[in-house]
Structure formats: structure tokens, C-alpha cells
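2 protein chains.
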Amino acid sequence: MYLGIDLGGTNIAVGLVDAQCKILKQNSRPTNAPRSYQEIVKDMAELCREVTESAGYTMADIKGIGVGTPGSVESKTGTVVYGNNLDWYNVPLAEELQKHFPGMPIAVENDANAAAYGEYMATGGNTDSFVAVTLGTGVGGGIILNKKIFRGFNGAAGELGHFTLIHNGEPCTCGKKGCWESYASVTALIQQTQAAIAENPDTLMARYAQENGKINGRTAFDAAKAGDSVAQKVVDQYISYIADGVVSMVNIFEPEILVIGGGISAEGEYLMAPIRKHVEEFAYSKGLPQTELRIASLANDAGIIGAAMAAVAE
Amino acid sequence: MYLGIDLGGTNIAVGLVDAQCKILKQNSRPTNAPRSYQEIVKDMAELCREVTESAGYTMADIKGIGVGTPGSVESKTGTVVYGNNLDWYNVPLAEELQKHFPGMPIAVENDANAAAYGEYMATGGNTDSFVAVTLGTGVGGGIILNKKIFRGFNGAAGELGHFTLIHNGEPCTCGKKGCWESYASVTALIQQTQAAIAENPDTLMARYAQENGKINGRTAFDAAKAGDSVAQKVVDQYISYIADGVVSMVNIFEPEILVIGGGISAEGEYLMAPIRKHVEEFAYSKGLPQTELRIASLANDAGIIGAAMAAVAE
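The listed protein sequences correspond, in order, to chains B and H.
Note that the working numbering gives residue 294 to position 305 of the first sequence, counting from 1, and the numbers run on in steps of one.
Note that the working numbering gives residue 66 to position 77 of the second sequence, counting from 1, and the numbers run on in steps of one.
Quick caveat, the hints were computed from the structure, so don't treat them as lab data.
In this text the structure is predicted, and so the values were computed from the model without any measurement.
Any given hint could be a false lead.
Copies of the same chain are indistinguishable here, so a pair counts whether it falls within one copy or spans any two.
Unchecked claim - Here are the simulated DSS-like pairs of lysine-lysine, each with C-alpha atoms no more than 25 Å apart in a straight line:
#, residue 1, residue 2
1, Lys65, Lys136
2, Lys275, Lys166
3, Lys137, Lys65
4, Lys65, Lys275
5, Lys266, Lys222
6, Lys166, Lys222
7, Lys88, Lys65
8, Lys136, Lys11
9, Lys166, Lys266
10, Lys137, Lys11
11, Lys11, Lys52
12, Lys203, Lys222
Using the sequences plus the hints, can you model the full thing?
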């Protein structure tokens, strides 16, 4: 039995996870950032005990605790070197958590890497090369090579959303221009939808947005499925941005499996079919075994499960 | 003592290499493609003996032979699954070479991977993450992770030149649009130079091209250094394409070292200084240890040395 902690800017979520990647029990508390890391870790520790005991276990049943945290992590020491969201610099996260659980094996991973590792383990954890792409507020990624999280030499590898898809394109929040994230994130889709509605106020898509009181990641998809041709254009263009990034990742990594997760992945085959077609047509290595493209299977649980599985691997 | 074979579409080059990555002797023959792989391998074997003997050694002194070949390679069996340049499908290259040298350890690698491995070993072979980018006729790459060539699950990983730098941009020879290669290769630089000369026939750059009877990868660089402002624009734009791809690779891999090779790398710091500046400014992971950017050190010898070193690793 393992505990997985998904530390976010908004919530701290903790789950009790078995060796088969199944969450038996979970609970969460608000992160209430900014506050000291000691207070946040105290909440983590309390949640760990609560979740374990509410499932009928004791801490003696727990073989390890894994934490997925925003920011770059020095995995050997479990230190968060730099975490923008929580304004953390050189926070000794593993050391602090260890104080609450002496002798307990503790693993700390970057949150995107932990989620990718969860998705990897959910595919069976057998392949030597695996890439996870998450289309959310941003575009995140995780790379699993030789069954291990690939972190780069400074713990910050896998920023797949920040390769350039359009040289000198839209400014990205990271300071660079034209990042994949600026075109393929849900944030970008909402902007693309908004721009299309502004130019075409008499469309079904515009009515959906008005009825909902806002534009979200589903507005264009829903309207397109209902036959709105302007919405269809938005969706086609958006998917082409995703697909062009996916084929780029395939050409670089040739992973055995690439999964696409995040809110938009709920669109399932409606999203995946054109991506598959694009990759099939434009991947560099034709005539060879091809990367299997899948929708991520764990949704919001990937963070907790991946963190717990990182503790297993520890 | 090892033998490294660099098999190209034009020449077969063989070098006798010591364990310190030094070529003691080398020789080459024309590939004379297309012809049967048996004939090509026979020439390889003859070159191996010639080079060894001309250096005063015998085949008994050779501890292994490595081959860098175009195409995708199944490294376990040493089979070239598909090699476009030589029109090879499922060629049992290691097996055929073994017939000439029974009992000899033989390694077969993709040529770009072999060259990257050579550059890696030339940096000392100590880092866990290393990326080589080659700016030549195309843009090639090689990825060394955990001290091993990263090949992907089908032997075709590392096509760094074929990530998309400009969505829906220039058509690439690979069939996709907007590949990095279409902007950052020497071929692309020549086209960019040509276009600028056509629009600005009264420039120093145009005169250089006329005097040389052709435009090459140096035309714009030479004219820019001599004060031609149009040439300077071409060079600045070209370097910005390279730099934007390099920062993309840094964000994805966070390699400890990234080297840039190929003909253009002869420009040295004139090329590297603006690339360093761009990466420093736009890399995602600010405040962390940064990737060291270097000019590749082996030039045309990388293929032979890398192939030989692959035999050492075997």
C-alpha cells in the first residue's frame, strides 16, 4: 500500500494506492498558498494519516509515500529547487515530510513527470519509451525512458509545451514566442474560439457561449459536432496544432506509446482520429513500426497514482 | 584498437581508432551505389584489412568493428531495416560483415547516431544527457542518454530536424511542412541567400556569389563579416532559426551538453554567441543549471570515431 500526494497551487490531494495503480481512498485540502512549506507539509502529513485510517489501514501498512509537486526537483534529495506556483526555492520537501514519518521511503517528483509516470504504469509499465502530453491550462509533458522518468541533468526536462511550433509566433507565458503551448493548450483553444465568435457572432458556437455565460474548452467542439461550420474550422485548426506537435514528438523520440491527456482528451476519438491520420501521413519513419497513440486513461487521478508509483520505484 | 566504418551514399570510409578516440589511419573507397550489399560489405572488409595493415597492425589487434550506416537500424541484430540512400530493406549488415571476420564483435548504428556518439565520447563520455545537432545538407541529430545512444523503440529516434518550427511552413523533403531542417540546414541557408541576392543584386553578397560562380553556405556569412547589411540580415535570420530550434531541444531534453556540428559549425563563436544569448534569454528553466552549448569537435571524423566507439560499447 502506497500514498500518492498531488500538490497543486489550489489543492493538496492525497490517495491511498495499491500496487495495481488503484486508488482505494482519497481526500484533499486547499493548499492555501502562499504559506510556509512547513505548514503545507503538515497538512500533507495529516491527510496521509486521515486517508490511510479512513480506509481501515494504519501507517504501518504504508510502504512508501510519493509527492508530485510543481517546479523542478532534485530527485536524489527530494528538494524542490524552484517552484513558481508556490514561490518555492530550495525547499527540502522530502526531508520535511520525513520528520512526520521517520524511516518511510519518500519520493518527490515534478508533478507533470509524476502524472506521466502514472499514465505509463497504467499502460502496464512495460515499454522502454513512453511520452505523455497533457493539454490543459498549459501543455505539459513527461518522458519515461528505460522504465524511468527522464528528468534531464537539472530535473527540468520534458517541457514539451515549450518547443517552438511557430517561429516568432504568439508570445508564451514563458517569455519565448510561438511555443506549442500557445496554440495547443485549452487556454489557447478558448482564445481561438473567442476570436472566431467575435468575427462570427451569429453562429451556434456564439449562442452556446452566451447560454453558458462563458467560453470554455468544449464550446467549439460542441458547436462543431452540432454542425456549426465556423466552429468546425476552429476545431480543425486547433487539432492541427496538436497533431503537428505530436508528430514532432514522434520524430524526436519514436516512443512505443504516446498518450494525450488533460481536459480536452475527454473528446476521445473525435480528437484522436485526425491526430492519428496526421501522424500516419507525416511521421518521418515510414515503413517502420509506428508509435501507438492513445488517450490517457487516468484523468485527474494520474498525479496521485504517479506519485504513489514513484514511491514504489524508489 | 578498433575499426570504425562510415558508410555513406558516396563513400565508404574506414578508420583505425584507438581507445582514446584517435584515428591512427584511414582510407576510403567510392560506395558505387546502387549495387548489392554483399559487394559493398566486401569493400568494407577489404578496407578494414588495408587500413589495419598499413598502420602496421593485423586483424588480431582489432577488438571490434563498428559501422555507421544511413537508415534505421535494428541494433541487436545489426540489420538495416530501411535505408533510403542505399535503397536497402532488411539488409543483414552485421551478419554479412561477420562472414569476413568470424568471431569479431560488430556494432551497427545509424550514421547520425554514430556521429553523435563520437562527439559524445570526444566530450569525455561522462554526462548522462547529451544532444548533438548537425547542420548540413539536412539537419540531423543524435541523443545520448545514460551514456547510451537513444534509438527509440524502432531504431529511428533523434530526427531532430523534423520537428515543426513553422506550422504549415516550407515543404520539407520528408513530406511534412515547416520542419526545422527546412530553415536551419545549409540547403535552406543557400536558398535564403539566393532569395536575398535576387532581391538585392547590387550587394557585396551578390558579388561574392558571382565571383565564386555559385552560392554556398559561406556566401552570406563572408559578406556579413565584410559589412554587407543585407547579408547580415540573412545571417541573423538563419541563426535565429537555429537558435529557436536549439532552445526547443533544451526545453525538451535539458541535456548537460548540446553540440552543434556540420559545415556551418566552422563559423565558431560567430555562430554560437547569438545562439547562446537566445537560449539564455528564452530557455524555460531559468534559475537552474543550464545546458552547455558547444561547437562539435570532430568534424568529418565523427562518423568513423563514433562507429568505432560503438564497437567499444558493444
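(Q) Name the hints, by number, that the structure is in violation of. (A) none
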